[in-house]
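Spelled out from the first residue to the last, the chains are:
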Amino acid sequence: MMLRIKRVPTVVSNYQKEEGEEGSRRGGGCGRNCLRNCCLQGARLPLYTFKKVDRIATDVLEHGKSEPPVSFLNSLLLGEWEERMQRGLFRYDVTTCETKVIPGSHGFIAQLNEGRHLKKRPTEFRIDKVLQPFDENKFNFTKVGQEEMLFQFGESEDGEGQFFTDATIDPENSPSVVAINVSPIEYGHVLLIPRVLDCLPQRIDRDSFLLALHMAAEAGDPYFRLGYNSLGAFATINHLHFQAYYLTLPFPIERASTKQIATLDNGVKISELMNYPVRGLVFEGGNALQDLSNTVSDACICLQENNIPYNVLIADCGNRIFVLPQCYAEKQALGEVSSELLDTQVNPAVWEISGHMVLKRKKDYEDASEENAWRLLAEVSLSEERFQEVNALIFEAIYYSGNGSGADSENVVEDANAKHKSTEKVNAINETSHSAMVTGSQGCIVLQ
Amino acid sequence: MALLLHSVLITSTTGARPPLFADACSSFPLLLLGKSHWTDRDLRWLGLSLVPLIEVDFLSLCLDSKILTKIPHGIGANWQSKVDTEEDFQVSTISMESQLGLIERSFSTRYSPWVREVLEELPHNFTISDPTISGHPIVFASPGFLKLSGFPRDQVIGNNGRIFQGPKTNRKTVMEIREAIREERAVQVTLWNYRKDGTPFWMLFQLSPVFSKEDGRVIHFIGVQVPILRKKRLTDDGDAAAWNEIVCGSCRREVCSDSLVDLGRVLALDTDTNCRGLEAEEPCEASDQEKQGAATAINNILSVLTHYSDSTGRLVCGKRFSSPAAGLINSSLNISLGRIKQSFVLIDPHLPNMPIVYASDAFLKLTGYDRHEVLGCNWRFLSGVGTDSSVLNQIQESIQVEQACTVCFLNYRKDKSTFWNLLHMSPVRNATGKIAYFVGVQMEEKCKSQGRHGLSPEIWQLSAVGAVKVAVRSLSMGASCSTSSDRFNTL
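Heads up: the sequence lines are chains G and D, in that order.
Using this note's numbering, you'd call the opening residue of the first sequence number 45 and step up by one each time.
Using this note's numbering, you'd call the opening residue of the second sequence number 11 and step up by one each time.
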């Protein structure tokens, strides 16, 4: 059975039109200064290249003495964003939207934003398939005007980070770009679109995730987080993209306590979220940045391939990554969500799940309470049982990393008990004594 | 021909400062520039490690084999001399608001001079930091703390507390401390800390704000460090008892001098046992006794500070008695704004005089004023006889209609020199969605052609606007909502 829900898609670009309007505009050069062959020739966009790092610089290593200054990437992003603001490219000024921290111990953040969601006919979204092929006919980021692009972002070729203020957009290099979100949730809300010209569908792969992680590290600001929504978890556009913005407050999800459940051989520590309405995993550490990135990517790929919608939050300059499988859309399609919650029209994507709620109706904003927020997010979460099943899948995938699809006997681990232990482990997380996967500095399983 | 220098002794005539030695290699022309051009880079190039800057009235150079005792200073002074030549140099006074000067003033404007002596005699390990100074540096470190951390005083004073953290320090705990500072409240956490030699240890860390009684602003943060001991490894009960006595006992002065010796011995005994075999991942809980010890230490330090603030008439206290007065920036916003390196000011358009309520270090450097000379002034104060008044009207109008504007007009520095100021003004809203401030970002016209790090000057200016907007909006979103803060307001 194909599951669908109806919702009003968020407009992230001024060029994003309703489905019906798409066809009529084509024909000849589009004159919109987009990124496709019609306009790409000779196009220029500043290029920021970063030096590939092995470890995320913790404050001590880089800025031992004092509060680190605003990093260059931040200056570039903020400056360009403010410039677009003054040019009137955004649908509204987000700083005029009232916002507050909801009283309580978790610190949920609510914003009254009546302008974000269009008063338009809701569109149907298929939500039962996390992996869907890219569709040229639908809106995608190559159709965005170049004025909405802020800069290109990529790894430097000669190992030193540089900024080229007047670079061309070179299709041969498969550039990744940072663009504005014209319906921002907060100041500085941007989209990171890896290899924009390759038209990748919304699905995580190792390279793209590493790029996103590098962006978090380069910004060097714990209040600049990146987020990802899979299809079925309220991604609006099926063209690979991450989102990011600034909020100089802790997210409730970052404040939640965690319980460590495993340490991998590559140094990545995995914990479970505790005392938080949505169940999820937290990834941190890793001997090198690449290890953390690959482990998380593999977990996400596993979820994708098992058709489990999920969201990802990259926090703390890339030092902590939250992976949250969810089922709200499915519940909504099956009519299992109360109308009270549906009326708020909150689509629980990564920001909402992290504790930052954008509300459309004044009444909802004024009545916003910790209980309401908790209740909404609890609906999003997988049940404990289902979550443990999903965990088992994830652990299997990341132990046999390199194989997206689970256990192949050839590359399997030496310890024959490993797989058995891993499934057992996730069912017995309270045991702290003997298992090699639990806390402690011992590496546990050999990772391929 | 350059001067041969063997070693250089730079002293201050303001008295209280210890002399600093520096080795300058030979054939260095010694460039001594005015404060506004005296950067870290210059010092490194000179081969001197005089960082942070010293506050002096005039510099006195004693050279090993030299007759000269004074060198010229002032902007751009370039001094080269042959050996054996005595020359007459111009001497003038400089007032340098260097970081060390600010650190010195952090205490001297608040407390009577004996406060340092008394604080130094306390047995506790603690630091005091000042969030109103850019970088939120430590301004005082107790002898106990220096011994515990293994750092010499001059590597602690002026630096931020994060220098004691390291790769295995729990990120979430770091976040909790950062949030407590931002929310101006107390916090108590266990933290994996690193000594100078790199050895790590578990520590109970308690942070507590010190408020000004009159206007409710945060003046200082006290940080108390209690190393967490594995009690079962203490073989000698006597030592354990002595330790408890020192940590939990009062700071009666007659106890202090003996206690410090004992403290040193016990610390030496226990630091080994403490870190041997411990891992950062093992969760470490402090005992009730250790927690009580930290709380007691905070109380003791706070009573010293309160007592010695009495005589200056600028009382401090452990609890906020009044809301921060209108027109003042709270310390968390101050810390955030301090990270923005452009020259800018914040103006409060709601107050009658539309005063400047914040000025960045770069602004002070550009205009030559000290911070206290600028805060509270009307935003027009940089204009003078040559300034086009129609531009001033234009700015005023923009403020009134709540619009951004960019103008270029003649400004006057403190020393009466002029510069063309390319000013960009923009309204800044807080979490209510209403305008809280106007931000004015200055750029010298002649600097326009040089972008910063490749950013165009326009984008460089706008990025300051963006950073200010983020800070003001986010930091006004809500008071502390954590219930744990109440437990630690001990006074």
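Keep in mind that the hints were calculated from the coordinates and are not lab data.
Certain hints may be false.
[What the hints assert, rightly or not] Using C-beta positions, here's what the derived DEER-type ranges look like:
(1) S301/G with E455/D: 51 to 61 Å
(2) K50/G with L402/D: 48 to 58 Å
(3) N403/D with D98/G: 51 to 61 Å
(4) L378/G with Q302/D: 48 to 58 Å
(5) G148/G with Q302/D: 55 to 65 Å
(6) D98/G with E407/D: 47 to 57 Å
(7) S427/D with A332/G: 30 to 40 Å
These numbers come from a predicted model, not from an experiment.
All C-beta atoms in this analysis are idealised placements derived from N, C-alpha and C, irrespective of residue type, glycine included.
Status of the hints after comparison with the structure:
no., hint, verdict
1, S301/G with E455/D: 51 to 61 Å, "54 Å, holds"
2, K50/G with L402/D: 48 to 58 Å, "56 Å, holds"
3, N403/D with D98/G: 51 to 61 Å, "56 Å, holds"
4, L378/G with Q302/D: 48 to 58 Å, "55 Å, holds"
5, G148/G with Q302/D: 55 to 65 Å, "29 Å, violated"
6, D98/G with E407/D: 47 to 57 Å, "54 Å, holds"
7, S427/D with A332/G: 30 to 40 Å, "52 Å, violated"
Going down the numbered hints, you'll see the structure goes against 5, 7, while the others check out.
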